[in-house]
Amino acid sequence: MQFIQTIYTIWQREIIRYWRDKTRIVSTFFMPLMFLVIFGAGLNETLATGNFGVDFTQFMYPGIIAMSIMNIAFFSTISTVWDREFGFLKEILVAPVSRVAVAFGKTLGATTIASIQAIILLILAPLIGVTIHIAIIPQLILFMLLLAFAISGMGLLISSLMKTTESFGMVTQILIFPMFFISGAFFPLTSVPSWMSVLSYINPLTYGVDAIRQIILGNQVASNILNNLSLHPISVDALFLVAFSAVMVSAAVFAFNKRA
Amino acid sequence: MNIIRVENLTKQFNGFTAVDHINFEVKKGEIFGFLGPNGAGKSTTINMLSTILPVTDGEAFINNFSILSQRDDVRKSIGLVFQDPSLDDRLTAEENLRFHAKLYGVPSDEFQKRKQEVLKLVDLWDRQNDIVKNFSGGMKRRLEIARGLLHYPAVLFLDEPTIGLDPQTRAHLWDYILRLKREKEMTIFMTTHYMNEAEYCDHIAIIDHGKIVALGTPRELKKQIGGDIISMTSNQKAELKKEIEKRYKKDVKEKDGFLQIEVEDGEKFLPRLFNELTVEIDSIELRKPTLDDVFLSLTGRAIREEEPSDKERMRQRMRMRRRN
Ligand SMILES: Nc1ncnc2c1ncn2[C@@H]1O[C@H](COP(=O)(O)OP(=O)(O)OP(=O)(O)O)[C@@H](O)[C@H]1O
Ligand SMILES: [Mg+2]
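Taken in order, these protein sequences are the chains called V and U.
Per the working numbering: the first sequence ends with 1220, consecutive numbering throughout.
Per the working numbering: the second sequence ends with 331, consecutive numbering throughout.
Everything labelled a hint here was simulated from the structure, so no lab data went into it.
Worth double-checking, as some hints may not be accurate.
Claimed, not checked - With a cut-off of at most 25 angstroms between alpha-carbon atoms, the simulated DSS-like pairs for lysine-lysine come out as follows:
1. U/K140 with V/K1123
2. U/K83 with V/K1218
3. U/K275 with U/K230
4. U/K248 with U/K295
5. V/K1050 with U/K83
6. U/K249 with U/K218
7. U/K83 with U/K120
8. V/K982 with U/K140
9. U/K140 with V/K1050
10. V/K1050 with U/K122
11. U/K218 with U/K229
Unchecked claim - Quick look at which bits of chain U chain V covers, simulated, 3 or more residues with Cβ under 8 angstroms:
12. 55-65
13. 91-100
14. 107-115
Remember, it's a predicted structure, so these values are computed and weren't measured experimentally.
Where is the CB? At the ideal position from N, CA and C, for every residue including glycine.
Make the full structure from the sequences, and use the hints.
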C-alpha cells in the first residue's frame, strides 16, 4: 500500500511541476505540430518516390511518434538531475520508502508526459494524410506507453549517473540521433550492414517503431510488403520493451543505492 | 537507554578520514550540539546517522534501531533539515508538506491536523498556498523545520539550521527550536559553527578533523579553562610572549592578533602584570571564557580563524542563491 502511495506521490509531483511550467506545455503542443508540418509537407514532396511499396508519410509516421516520445521522455527525466542539483533528491532518498517505488514514480511521470505528446500526434495524424483505423487505437496507445516507459527508464538510469543537468543534456543529445537513425524509422533495417543491425537489436526505439508501424500498416498494405518492412512479431517487440524497461529501472535503483 | 548511541563511527572518502572513530550518546529530550569548523566532519556524521551515507566502520543506534541494519526504522524515527536547501520551490508550502506526509505514511485527516500545528509553530500558516520560490531564506528554513516535524520524529537533526540568515531571523529560529524542546520534548541534534548558538545546547561535542576533542555541558567545557581570559596587544608581541612564558610559566596563545593567557583569578592577576612586565602593553582585556576560548585552548586555533576556501565560498553563494 505504501509502495503504491509512494509511486503515486512521486508521479503526482512530476505532473504538477509539468503543469506549472507553461513553456513545457506550449512546447508539448508545438513540437508535434512542427514535426508534422516539416515531415508532412517537406518530405512527402521530395521523398515520396521511395520504393517500399507504401506512402512515405505513412512509413515515416511511426518514426515521428517514436522521435517525439524519445525527446520528451528524455527531457522529462532530467527532473531527477535537477532534484539532485537543487537538493530535493535528499528529501526523497532519506524517506522510509522503497527506492523501487521512487524509480517507478519518476519513470511513470516521464511516461505520462511523453504519452500526452504522442496522443496529440495521434489526433493530428489525419491532417497529414495518415490513415488510422479507430480499431487499432488501443493497441497503438499501448505501444506508445511501452516505448515511453522504456525510454523514460533509460533516461532515469542516465540521470541517476549524472551530476549536472549539463552532462545529462550532453549524453542524451549524443544518444538521440544514433538511436533514431538505427531504429528503422527512416529506412528499413532489413538490408543494413551487420554492425548496424546488431546495434539496432539493443535499441528500444527499433522495437517501438517496428510495432507501431505494423499496427498502423497492418490492414492497409499487402502482407508480403509488410513482412519486408517488419523485423519482429509484435509480441516480441512488446516483450523486449518490457524487459528493457525492467533492466533500466533496476539499474537506476542500483545506482541510487550505491550513491546515496 | 539513550536515544542516540554512536560507537566508533568512521567515514573515509578515498583514504581521507572525514570522521574518525567518534563515540557519544544523546539523552531523550535534550539539545545536543555538534560544534566544529568547516570540514570538521559534522555533516558527514549527520549523513551517516540519517542512513544516506554508507558507513566505513563503527555503528550507531537511533531510537534503538541500528543505522546499518534497520534503515527504514531509523528513517521513520528522524526528521532532517539538511545544511543545503531541500525544498521543491516550484511547489507551494502546503504541497511540500503533503508530499512529505505521503512518503512518511501520515494519513490524510491526521495530515490536516498536523499541517496546521507545524505551520503555526513556525508562523507560516497564512502562507501555506504560496509557491516556495517566493519565500525569503528564513521562511524556507522554517518551512524545512516544519516539514521535518510532520511525521513526529523521535529525533530532529538540524544541520547548520541558521546558516546564511541574518541575526534577527536567527534569533527567531532559535525561539522555535527552544519551543520544540519545551513543548514537544523533542530530542534535537544540531550542528553549528556559531559559538553563541552552542550555548543553547544541553550538551556539546567539539569536533575537529573528524575527532571529538571535548564533550560536556557548555558550563563544564568552559570550566576546563583555568578561570579567566586575559588578552592583550603590544608592538613587541614576540618579546611580550617570551616574557610572560618565562615569568609566569603560562601557555600564550595567539588569536586575531591578540595574545591570550588563561588565569585563575583575573582581577588579582591584572595588577601583577602591570607591575612586573617590562615589555610595553598597548591594550588589555579581561573576560570570562567563551566556547571560542575552549576551542582555541583545545586545538590551538580559533574556530573561524581559517578563511573559507574557494569551494566553501562557492557553496555558500549557491546556498544563498537558492534560498533567495
Ligand atoms: N562526498 C565526499 N567526497 C569526498 N570528501 C568529502 C565528501 N563529503 C565530505 N568530504 C570531506 O569530508 C570532510 C568533512 O566534511 P563535512 O561536510 O562533514 O564537514 P562539516 O563539518 O559539515 O563542515 P561545514 O561546516 O563546512 O559544513 C571535508 O574535508 C570534506 O571535504
Ligand atoms: Mg556541514
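Each hint, compared with the structure:
1. U/K140 with V/K1123: Cα-Cα ~23 angstroms, so holds.
2. U/K83 with V/K1218: Given that 25 angstroms is the threshold and the Cα spacing comes to 21 angstroms, the pair holds.
3. U/K275 with U/K230: At roughly 19 angstroms apart (the allowed maximum being 25 angstroms), U/K230 and U/K275 satisfy the hint.
4. U/K248 with U/K295: With a Cα-Cα distance of about 21 angstroms, the restraint between U/K248 and U/K295 holds, given a limit of 25 angstroms.
5. V/K1050 with U/K83: holds (15 angstroms)
6. U/K249 with U/K218: Not satisfied, since the Cα-Cα distance of roughly 32 angstroms exceeds 25 angstroms.
7. U/K83 with U/K120: Holds, because 19 angstroms separates the two Cα atoms, which is no more than 25 angstroms.
8. V/K982 with U/K140: With a Cα-Cα distance of about 16 angstroms, the restraint between V/K982 and U/K140 holds, given a limit of 25 angstroms.
9. U/K140 with V/K1050: holds (18 angstroms)
10. V/K1050 with U/K122: holds (21 angstroms)
11. U/K218 with U/K229: holds (19 angstroms)
12. 55-65: holds (count 4)
13. 91-100: Answer holds; 8 residues pass the 8 angstroms Cβ test.
14. 107-115: That given contact holds, which follows from 5 residues of the region 107-115 of chain U lying within Cβ reach (below 8 angstroms) of chain V.
In summary, the one numbered hint that this structure violates is 6.
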